[in-house]
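Number of protein chains: 2
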Amino acid sequence: MKFVCSQSDLNSNLSLVSRAVPSRPTHPILANVLMVADSQKNRVSLTAFDLSLGIETSFSADVSEDGQITLPAKLLNDIVSRLPEGEITLMSEETENNDSHIVALKCASGQFQVRAMDAEEFPPLPTVEEGESLQLPIVMLTEGLKGALFAASSDETKQILTGVHLTGTPDSLEFAATDGHRLSVVETTLPPQTDEDNEDETSSEMPNLEGFAVTIPARALRELERMIGNRNESDAIALQVDEAQVVFQLGHQRLTVRKLDGAYPNYQMLIPKEFTRTISLERKRLLSSLERVAVLADQKNNLVKCTFNHEEGQVSLSVETQDLGSAKESMPAEVTGESGEIAFNVKYLMDGLKALPTKEIKMQLNEGNQPVIFNPLGGLQMTYLVMPVQIVK
Amino acid sequence: MKFVCSQSDLNSNLSLVSRAVPSRPTHPILANVLMVADSQKNRVSLTAFDLSLGIETSFSADVSEDGQITLPAKLLNDIVSRLPEGEITLMSEETENNDSHIVALKCASGQFQVRAMDAEEFPPLPTVEEGESLQLPIVMLTEGLKGALFAASSDETKQILTGVHLTGTPDSLEFAATDGHRLSVVETTLPPQTDEDNEDETSSEMPNLEGFAVTIPARALRELERMIGNRNESDAIALQVDEAQVVFQLGHQRLTVRKLDGAYPNYQMLIPKEFTRTISLERKRLLSSLERVAVLADQKNNLVKCTFNHEEGQVSLSVETQDLGSAKESMPAEVTGESGEIAFNVKYLMDGLKALPTKEIKMQLNEGNQPVIFNPLGGLQMTYLVMPVQIVK
Numbered sequence: 001m002k003f004v005c006s007q008s009d010l011n012s013n014l015s016l017v018s019r020a021v022p023s024r025p026t027h028p029i030l031a032n033v034l035m036v037a038d039s040q041k042n043r044v045s046l047t048a049f050d051l052s053l054g055i056e057t058s059f060s061a062d063v064s065e066d067g068q069i070t071l072p073a074k075l076l077n078d079i080v081s082r083l084p085e086g087e088i089t090l091m092s093e094e095t096e097n098n099d100s101h102i103v104a105l106k107c108a109s110g111q112f113q114v115r116a117m118d119a120e121e122f123p124p125l126p127t128v129e130e131g132e133s134l135q136l137p138i139v140m141l142t143e144g145l146k147g148a149l150f151a152a153s154s155d156e157t158k159q160i161l162t163g164v165h166l167t168g169t170p171d172s173l174e175f176a177a178t179d180g181h182r183l184s185v186v187e188t189t190l191p192p193q194t195d196e197d198n199e200d201e202t203s204s205e206m207p208n209l210e211g212f213a214v215t216i217p218a219r220a221l222r223e224l225e226r227m228i229g230n231r232n233e234s235d236a237i238a239l240q241v242d243e244a245q246v247v248f249q250l251g252h253q254r255l256t257v258r259k260l261d262g263a264y265p266n267y268q269m270l271i272p273k274e275f276t277r278t279i280s281l282e283r284k285r286l287l288s289s290l291e292r293v294a295v296l297a298d299q300k301n302n303l304v305k306c307t308f309n310h311e312e313g314q315v316s317l318s319v320e321t322q323d324l325g326s327a328k329e330s331m332p333a334e335v336t337g338e339s340g341e342i343a344f345n346v347k348y349l350m351d352g353l354k355a356l357p358t359k360e361i362k363m364q365l366n367e368g369n370q371p372v373i374f375n376p377l378g379g380l381q382m383t384y385l386v387m388p389v390q391i392v393k
Numbered sequence: 001m002k003f004v005c006s007q008s009d010l011n012s013n014l015s016l017v018s019r020a021v022p023s024r025p026t027h028p029i030l031a032n033v034l035m036v037a038d039s040q041k042n043r044v045s046l047t048a049f050d051l052s053l054g055i056e057t058s059f060s061a062d063v064s065e066d067g068q069i070t071l072p073a074k075l076l077n078d079i080v081s082r083l084p085e086g087e088i089t090l091m092s093e094e095t096e097n098n099d100s101h102i103v104a105l106k107c108a109s110g111q112f113q114v115r116a117m118d119a120e121e122f123p124p125l126p127t128v129e130e131g132e133s134l135q136l137p138i139v140m141l142t143e144g145l146k147g148a149l150f151a152a153s154s155d156e157t158k159q160i161l162t163g164v165h166l167t168g169t170p171d172s173l174e175f176a177a178t179d180g181h182r183l184s185v186v187e188t189t190l191p192p193q194t195d196e197d198n199e200d201e202t203s204s205e206m207p208n209l210e211g212f213a214v215t216i217p218a219r220a221l222r223e224l225e226r227m228i229g230n231r232n233e234s235d236a237i238a239l240q241v242d243e244a245q246v247v248f249q250l251g252h253q254r255l256t257v258r259k260l261d262g263a264y265p266n267y268q269m270l271i272p273k274e275f276t277r278t279i280s281l282e283r284k285r286l287l288s289s290l291e292r293v294a295v296l297a298d299q300k301n302n303l304v305k306c307t308f309n310h311e312e313g314q315v316s317l318s319v320e321t322q323d324l325g326s327a328k329e330s331m332p333a334e335v336t337g338e339s340g341e342i343a344f345n346v347k348y349l350m351d352g353l354k355a356l357p358t359k360e361i362k363m364q365l366n367e368g369n370q371p372v373i374f375n376p377l378g379g380l381q382m383t384y385l386v387m388p389v390q391i392v393k
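From first to last, the protein sequence lines stand for chains W and U. Be aware that the first sequence starts at 1, since it is given in full-length UniProt numbering, and climbs by one per residue. Be aware that the second sequence starts at 1, since it is given in full-length UniProt numbering, and climbs by one per residue.
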């Protein structure tokens, strides 16, 4: 193997795949990145795989000798990220005994020799054989992930709840995540196809999402979010699903992840259809008040009491602790229905408010022990549901 | 106690004194900040003290009622830093039983009540009774701390070595710090007094530093560095010292710290007076090469070998590890004296190179086991000494 590439190409692609390198690999080879140089395509591909999440990427290089090898991902990343911009030459070298391989990395300032491992030992990334590939506009994924990802459970024992559930209708894709305490549901719609799109040969036809349903680990979706972060929102990403795997392909980058097994909870039946009270108020004002009273709520199971007054057109937040003191903030709000009070875990409330995308929001509720939902006023179709906490009198 | 002040004044002064609040207080009162409101001066002062380091500051406020109280520093800081800009009212409130105090904090968005403790319990900051106060230009402290502070020991058992030693001559102040493995010495000089200074009534006469000697804990000096960070370099800071304490006063801010006891090592005798070899080279080039080879040196007691070649006018850095691989970088250098090699702990070398202030530096050495010194070429008077590591052949 021998190729010449730019430091910036090697560095950015190494950083990308390194996200799939496990921090505590179950087998030494998994701490490595697979490097394949192809002289026909004049490209070098990099792959990392933790047996659930795999990331593959490739970049153009001047390949003078085909070959494949695996190299310690962290070490290589640490070296390459510190190299100055410019050309880098990578080549396999012969060693005295044939048990080990050495890869030499040369640049203007010096040279590094890194001990490598055989490419044969590296587990192959799973592929999706059957099934059509859906072309999704990136904007749908961006919106869906921003609104739902944070609500997934980070407790590995909760299995299916550690993922985001995606379901399709003919022209929309719904993202849902819940950890059992709160639920976030975002409905993203396919953009209407314009004449301009039709003229553009590279633009593919809009997919039919009817019947589509899959639960994808939140961890993989966080990497996907990072991957699409600086892409053009109107670009398309290809999505392929089979019995076991989900594959996202974006240009030369591919993310593979094992689906989460099991039935996702029927979350739609948790969302009340009717409400006795509706409160409209300013999102940022509510959020910054919550951040302040949360300082005291920290000491009391994160409990904050929310009082809404129809006559005064006002919402008040309050926290009382025995040891430290108390906090009370009020803000104007449009309250329809009876005045009353309800209590929340302040952290769940803040998480949802941060993800809601609009200036004004609507809060709908019934009696104190029933779920409360938050919607943006205008903009995206999003529902954030929080279970209230019983107020102990 | 009752006063009105701006959120930004209260916030910035609270952040400043909070640096002297111990993270694990030995007595509950030390987790508090002392607040004193003075209606005559229309100022509020804040004090925090961990029994070694104390910080006091004051700001103007509209004080309608004198008083003093102590409040939990972290809680108050957390609340005030989250408040929007604008006026804040603070006042003591009567409670039902006289054992406890409550301070109410009111602002546009709401109100907080914080449980307080008696000011009488708060230990007074030590004062310096005798001794003249030295007026030092801030630039001397800035340069001295930047060049020496990093070399002090962070191992609390090393007592005197956890401080920076300051010694004066009639017109200079020397800062020295060592942790036993390396030593940094910076000599800062009093700026020449110009006519302009004499015309300015506020400018005081230059002090005579002859005979001045004190060892100050590095931790306190880091806070001092932060305190003077955004001040005008030509401003003066007042320094007072007695048997036990050092006090720095800058405007309304005062930092008090207990001196470190014991004799500081006679470091000047460690610095060789004559050298058989001198190497001049570019500081940043050497530093970035070290950062790269350090990736591998990490695996081998941080050892890096430095080879200097008189004929080729070159310095090479190399690291060889058994498991991971090897690294070698070279750079041009002016080498006088015989060619040879020497080994260092790469971390000590990098620390010193980061603190040296010039583009080019000079490295002077004798045989392999004698101290090596680094000086900036031009600019500040600074000496950085590192003990080499024996090369095992």
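Please keep in mind that the hints were generated in silico from the structure rather than gathered at the bench. It is possible that some hints are incorrect.
Listed below are the simulated DSSO-like cross-link pairs for lysine-lysine, each with C-alpha atoms no more than 27 Å apart in a straight line [claimed, not checked]:
| no. | chain 1 | residue 1 | chain 2 | residue 2 |
| --- | --- | --- | --- | --- |
| 1 | U | 74 | W | 106 |
| 2 | W | 41 | W | 106 |
| 3 | W | 284 | U | 158 |
| 4 | U | 347 | W | 74 |
| 5 | W | 284 | U | 2 |
| 6 | W | 354 | U | 305 |
| 7 | U | 2 | W | 328 |
| 8 | U | 74 | W | 305 |
| 9 | U | 328 | W | 74 |
| 10 | W | 259 | W | 273 |
| 11 | U | 74 | W | 347 |
| 12 | U | 284 | W | 106 |
| 13 | W | 74 | U | 284 |
| 14 | W | 106 | U | 328 |
| 15 | U | 347 | U | 284 |
| 16 | U | 158 | U | 354 |
Using C-beta positions, here's what the derived DEER-type ranges look like [to be verified]:
| no. | chain 1 | residue 1 | chain 2 | residue 2 | range |
| --- | --- | --- | --- | --- | --- |
| 17 | W | 181 | U | 41 | 23 to 33 Å |
| 18 | W | 381 | U | 359 | 50 to 60 Å |
| 19 | W | 379 | U | 111 | 41 to 51 Å |
| 20 | W | 338 | U | 108 | 21 to 31 Å |
| 21 | U | 111 | W | 367 | 28 to 38 Å |
| 22 | U | 74 | W | 222 | 56 to 66 Å |
| 23 | W | 379 | U | 158 | 58 to 68 Å |
| 24 | U | 86 | W | 354 | 41 to 51 Å |
| 25 | U | 120 | W | 367 | 17 to 27 Å |
Stretch by stretch, here's where chain U covers chain W in the computed footprint (C-beta under 8 Å, at least three residues) [unchecked claim]:
| no. | segment |
| --- | --- |
| 26 | 70-78 |
| 27 | 102-114 |
| 28 | 161-171 |
| 29 | 221-232 |
| 30 | 317-327 |
C-beta: ideal position from N, C-alpha, C; glycine also.
- Query: For the pair supplied as a hint, residue 74/U and residue 106/W, is the alpha-carbon distance within the 27 Å limit?
  - Reply: violated (52 Å)
- Satisfaction of hint between residue 74/W and residue 347/U, Cα-Cα up to 27 Å: It holds: about 20 Å lies between the C-alpha atoms, which stays within 27 Å.
- Item | 27 Å Cα cutoff - pair residue 74/W, residue 284/U | Distance ~24 Å between residue 74/W and residue 284/U Cα, so the pair holds.
- Message: Does residue 273/W sit within 27 Å of residue 259/W, going by the straight-line distance between their CA atoms?
- Response: violated (31 Å)
- CA of residue 74/U to CA of residue 305/W, is that 27 Å or under? Holds, at roughly 23 Å.
- Message: Does residue 106/W sit within 27 Å of residue 41/W, going by the straight-line distance between their CA atoms?
- Response: holds (23 Å)
- Measuring from beta carbon to beta carbon, are residue 111/U and residue 367/W in 28 to 38 Å? Cβ of residue 111/U to Cβ of residue 367/W: about 29 Å, so the range 28 to 38 Å holds.
- Item | Coverage assertion for the segment 221-232 of chain W with respect to chain U, Cβ distance below 8 Å, three residues required | violated (count 0)
- Query: Between residue 284/W and residue 158/U, does the CA-CA distance stay at or below 27 Å?
  - Reply: violated (51 Å)
- Verdict on chain U covering the segment 70-78 of chain W, where coverage means 3 or more residues with a C-beta closer than 8 Å: holds (count 3)
- Message: Can you tell me whether the CB distance of residue 120/U to residue 367/W sits inside 17 to 27 Å?
- Response: violated (50 Å)
- Message: Assuming the hint says 23 to 33 Å, is it satisfied by the Cβ distance from residue 181/W to residue 41/U or not?
- Response: Violated - the Cβ-Cβ distance for residue 181/W and residue 41/U, about 52 Å, lies outside 23 to 33 Å.
Violated hints, in rising order: 1, 3, 5, 6, 10, 17, 19, 22, 24, 25, 28, 29; the structure is consistent with all others.
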